[in-house]
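These protein sequences, in sequence, are chains U and Y. Heads up: the first sequence is residues 1 to 173, going by the UniProt record's numbering. Heads up: the second sequence is residues 1 to 526, going by the UniProt record's numbering.
Calculated from the structure, these hints are not laboratory results. By construction, the Cβ of each residue, glycine as well, lies at the ideal position given by its N, Cα and C atoms. Treat the hints with care, since some could be wrong.
Within a straight-line C-alpha distance of at most 20 Å, the following computed SDA-like cross-link-like pairs (lysine to any residue) qualify [stated by the list, open to error]:
| id | chain 1 | residue 1 | chain 2 | residue 2 |
| --- | --- | --- | --- | --- |
| 1 | Y | Lys-500 | Y | Asp-454 |
| 2 | U | Lys-110 | Y | Asp-454 |
| 3 | U | Lys-110 | Y | Lys-500 |
Here chain Y is said to cover these stretches of chain U; the calculated rule only asks that three of the stretch's residues, wherever they fall, bring their Cβ under 8 Å from a Cβ of chain Y [to be verified]:
| id | stretch |
| --- | --- |
| 4 | 72-79 |
| 5 | 158-166 |
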Amino acid sequence: MATGSGAAAAAADAEEKESGSRMITLTSNEGKAFVVTEASARQSATIRSMVDDGGCVDKGFPLPNVDSKTLARVIQYCDEHGNKEAHTVDERAALAKFDKDFIAELDADKAFLYDVTMAANYLHIQGLFALTTQCIADTIKGKTPEEIRTAFGIEYDLTAQDEEEIKEEDTHA
Amino acid sequence: MPSAFHSLLLPAIRNPKPSRRRGRGRGGSKRPKKTTKSKNRLADAAAGDATSFHLKTSARAGPGGAGSGRRGGGGCLVQPLGNLLLLGGGEGGGGNLRDAGLGALRPLPDDVLLDVLGLLAARDLARLSAASRALYVVASHDPLWRALVLDELGGDFAFSGSWRATYIAAASGGRAHLLPPRGLEIRGFYSDYLFQSWLCANMEMRPEWLHRDTIERRRGMSVEQFVSEFEEPNRPVLLEGCLESWPALQKWTREHLLKVSAGKEFAVGPVSMTLDRYLQYADNVQEERPLYLFDAKFTEKVPEMGRDYEVPAYFREDLFGVLGEERPDHRWVIIGPAGSGSSFHVDPNSTSAWNAVIKGAKKWVMFPPEVVPPGVHPSADGAEVTSPVSIMEWFMNFYGACKTWEKRPVECICRAGEVVFVPNGWWHLVINLEESIAITQNYVSRRNLLNVLDFLKRPNASELVSGTTDRVNLHDKFLNAIDMTYPGMIKQLELEAQQKAAARKKKVSLWESAVDANTGGFKFSF
């Protein structure tokens, strides 16, 4: 985690040490339990605030909006970012490499990519959300309207007149 | 093309007025309407319950923002999802336009989809709008274009009724169009998210949000009275009749300010703008969070403005003054249209403040330091104290929540010539009810000196302290400068504080102290 000052970094380290030994259970909407380190779970701002509010660490956290397949993939990301250090140049490069491979694999299965995006949104995992939304945006970038329709299986529902008017606007933008 | 005003959704705009006269003549032509209670506000609007919302007479044609309301152009008629259910399948059996028109992107909720679109350049957004009617609606969402304009043009834009039109006009070389770009009129798009955003931009403040006035009002009070009755106990007060000596009250017309500030740029949100550009924007904008002119260097930029007001007698002690050039920002001119303002926050560096209205009127809602307003979630370290919701959203979704609270907020409308005192640590929300001009200053007197020093000393000062470039050393510099200028002052204040604490301890019963502990009462650093 990037921190602004030495004092804050020290506080974060102390916090991590203190909480490092705790394990947290996340349960998918299919009832499957995943046990993760607290450092991993804290990648999610949603869970982090529940833990900090003196929450139910022992009882675990049911996640009614996330299925098992998606949760497993989300945890894969959180483990990598929560449990590993990112202080040295090498460590950061390793994380960047992980992100690149992680998103490339997701990109091959769009429906799953959207599921992971929505889970990242629901759980407020900022890094993962940035990664997945950027990936979706990249798919749109540089495409013509026709190519966009093909890429996303979109029905063509504009009238000729609509198209004419949009073209008029488009030439300006 | 039929006027977009004919939407089923918008029964409240039965008398669309061609002109946009912000903040004036409002309400005069409106019949008083009874209010109804409902849990689902969006459904109310969907069902055409005009009693729930008064739309501004200048309301845009519809959410989506493609058209310019002023020109009566087209618009995307986004409707709340409830409408689709009420219609039993949608107009003409077409269902929600969204489904077919988004294809594989359909599972993404609107807010996520807009986050994705926020990563695109204008050219990609424009191409996306030509892919389907649904994508046209989403890609026309005006906040997307606002971000592009501010990002690419900074403050150097001529606002043309919507951000999208502004971008297009700038991109086409700033030439005026013979025909203004006109948005398509698209019906059958159902989205609570886009609808709420549009509603917050276009609705009037409801009377029940305005009538509660619980602040103490004083006129002609002595400075000693102010200190003992308000500053010491850290209580808000509205001061009447203490700006009578201010030339600004008479002089600061638009014309005058435009003349004296010609060629100077003021801080407006993330950009800087000349006053004439800003006023052109403020006169024509209708959005959820209007850009606010909020400038800390106005007296340096326009010295004449600094000479047109003076600090009221109650607030003359200004201990940050010992820092000279290195003092944190402390005075601002604030200009904004109706609907602009600040959502809930606590003022910087634990200072107290006063806010004087020169033109217009401001609605204030204030909570004491120990009561976090509903809908606000400060981070544990206090570094982030901003409210995630817009002002209108707060009134719509949270204002009612504090009706039953034991500690209800202090509220008022502060009008031209009046001053609100904001004691340190108090949460406050302010919204302009009409176009307003105000001066505000934050200050440290000996009543909150220890408090401010304590704040500056916090371990995460680098994140908390604001308004200065040297955040970490401010505490030491301030402490030393005070000791140099006022030897013994800090010791004396600490002694007085201890005596007061001891005296209070005797008085406070066990029960009261228990209550205080429960609410996490505001801590002075005794």
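Check each numbered hint from earlier against the structure, then list the numbers of those it violates in ascending order. 2, 3 and 4
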